[in-house]
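One letter stands for each residue in the lines below.
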Amino acid sequence: MATLPTSRVCVWDASTLMEPHCKRRKTEEPKDACPWQVVPVLSERELQSVTLMPVYAAPVLDKKQASRLVKEVSALYPLGDYPHLKRVRSCGSVNSSHPLEIILCLAGGKDKQSLQTALELFPDHQLDLSGLGEPFLTQVPVNPPLTRLQYEEAASHWPVTFHENKRISQALSGCLFTAAEKTSMQSHMELAIQAAQNGARQGMKPVGAVVVDPTTGRVLAVGHDCRNGVNPLLHAAMVCIDLVACGQGGGAYDYQDYPSCTFLPLADSSNQTSSCADGLPYICTGYDMYLTREPCTMCAMALVHSRIERVFYGAPSPHGALATNYHIHSCKDLNHHYVVYRGILEDQCRNLSQISVLK
Amino acid sequence: MEAPGRQVVIAEETEAWMERAVNMAKKALENGEVPVGCLMVYNREVIGKGKNEVNKTKNATRHAEMVAIDQVIDWCHQHKKDPEEVFGHSVLYVTVEPCIMCAAALRIMKIPLVVYGCQNERFGGCGSVLDISSPILTDTGEPFQCMAGYRSEEAVEMLKTFYRQENPNAPKSKVRKKECVK
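Residue numbers (the working numbering), protein chains in the order written: chain G, 1298 to 1656; chain P, 198 to 379.
Extracted from the complex, chain G is given alone in its bound form (with noise of 0.2 Å):
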């Protein structure tokens, strides 16, 4: 079994690498001569675009009259399953006959959405509708927005609450990512490129991957497609996450025959961080995943049930399971997500389908 040259190891040194940083950027990182972006990959609840759903409003025809219609209406038709919309809206408008308008409460849908005179809405007196105007029917957005996108959507609308996602924020507006983490990506990334350049070689698909301790910087494993041998499902991910077992006494596989397929034996990896109770990591818990292409279903699978913490591709697939044809990453029933970023080296990446096979 071949074990990583040390000298391949990149060594993630922030301190040497990054400038002093003032406090306050006030301008855009400048654009460094990279070539490349790193770009999330958001989960389907982030990139869907806003649902509406119908509700009662009413115009507020006496502003000395807001504050105590949006106590009496939220007590009688609190919007406990929508806190994301505000009560009231203003309406800007010059030529308004009125300042603000008020939702009174949803308009069921499954009954025919004839419009309620406000006596219906609320019999029996139980409000005192002085100063309301008469109720008409709008769509307000049914989800909290989860993306400035979404949030610019949905309020105009109507007004909603917004907590933003700094992490999403930044990483959409390219600056999540310092310049010495850059390199460091591009490096890795760089990595798994060799290794799919060496596998092709061999006969085998040009896709190259790479396990990272983001902790320690240590690269734990480079593997490459080896499906043309003897196995189709010896794809890079599958290849990679086997060869971490393998550095963690593990394994269920030979890489005799593939010299390019590396680990790292767990010896070497001093000072774990260890994710289990008798002080060994628990197979990909905390690891970052490089890999040249999106992966398939059965890969993007095989990473959640190895408890990746990040994956990293240069380039889309036809048939990817990270962003193409689902979102493995962040599906809501499955018991762990992890963060995808595409993008890294995307040229280079999408070169190695070029790559003609070598027999």
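Because the hints were derived from the structure by calculation, they are not lab data. Just so you know, even glycine gets a beta-carbon here, dropped at the ideal spot from N, CA and C. Careful: at least some of the hints might be erroneous.
Output of the computed footprint for chain G on chain P, the stretches with three or more beta carbons under 8 Å from beta carbons of chain G [said to hold, decoys possible]: (1) 211–217; (2) 232–241; (3) 253–259; (4) 262–270; (5) 288–298.
If you want the ones that stay clear, here's a sample from chain P, every Cβ over 10 Å from chain G, calculated [unchecked claim]: (6) 223; (7) 228; (8) 250; (9) 279; (10) 285; (11) 344; (12) 350; (13) 351.
The hints should help you fit chain P onto chain G, whose structure is shown.
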């Protein structure tokens, strides 16, 4: 034997194979492993068997089906058979619905038919969480047919028994948010 691409499954035989799969799962449970058992049958012969080997290999992808697929590949090499032909005429008998990963693997191997016991509420790839077996996918490989419900009560009971026990190999961390609800 049978026309290519067509699977003839005789009910009595199905029961006999599932009986063996259930017994394998029982053995796994006795050994403190996830109680899933499976067999791959080709020309009325068992050419691959599998039980979960995750703990043994420290590889979370070593599910019973993956182990059985590897055995069939070995069998093909030993008997100088074309794997494509063998997998294309084999039936998988498994006590629990294959997970998303295994279902995708079965597609890649072009296994035409899977007979299974109970639903896999957590990870199922034949309808429970996603339907990877479905013909509408323009994915790699081929869709496969499923026959579900054989000995499902026993399979569920074994799973429940297993999940009531502690898995000494699991990380101590996360509290499970949702108990396995049936």
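Going down the list of hints, with the structure as the test:
1. 211–217: violated (count 0)
2. 232–241: With 0 residues closer than 8 Å to chain G, the region 232–241 of chain P misses the three-residue bar; violated.
3. 253–259: holds (count 7)
4. 262–270: Result for this restraint: holds, n = 4.
5. 288–298: Contact hint for the region 288–298 of chain P vs chain G: holds, 3 residues under 8 Å.
6. 223: Since the minimum Cβ distance to chain G is about 23 Å, residue 223 (chain P) lies beyond 10 Å and the statement holds.
7. 228: holds (17 Å)
8. 250: violated (7 Å)
9. 279: Given a closest Cβ separation of 13 Å, the condition holds.
10. 285: holds (13 Å)
11. 344: holds (22 Å)
12. 350: Given that every Cβ of chain G is farther than 10 Å from that of residue 350 (chain P), nearest at about 23 Å, it holds.
13. 351: Fine: 24 Å to the nearest Cβ keeps residue 351 (chain P) off the interface.
Checked against the numbered hints given earlier, the structure breaks hints 1, 2, 8 and satisfies all the rest.
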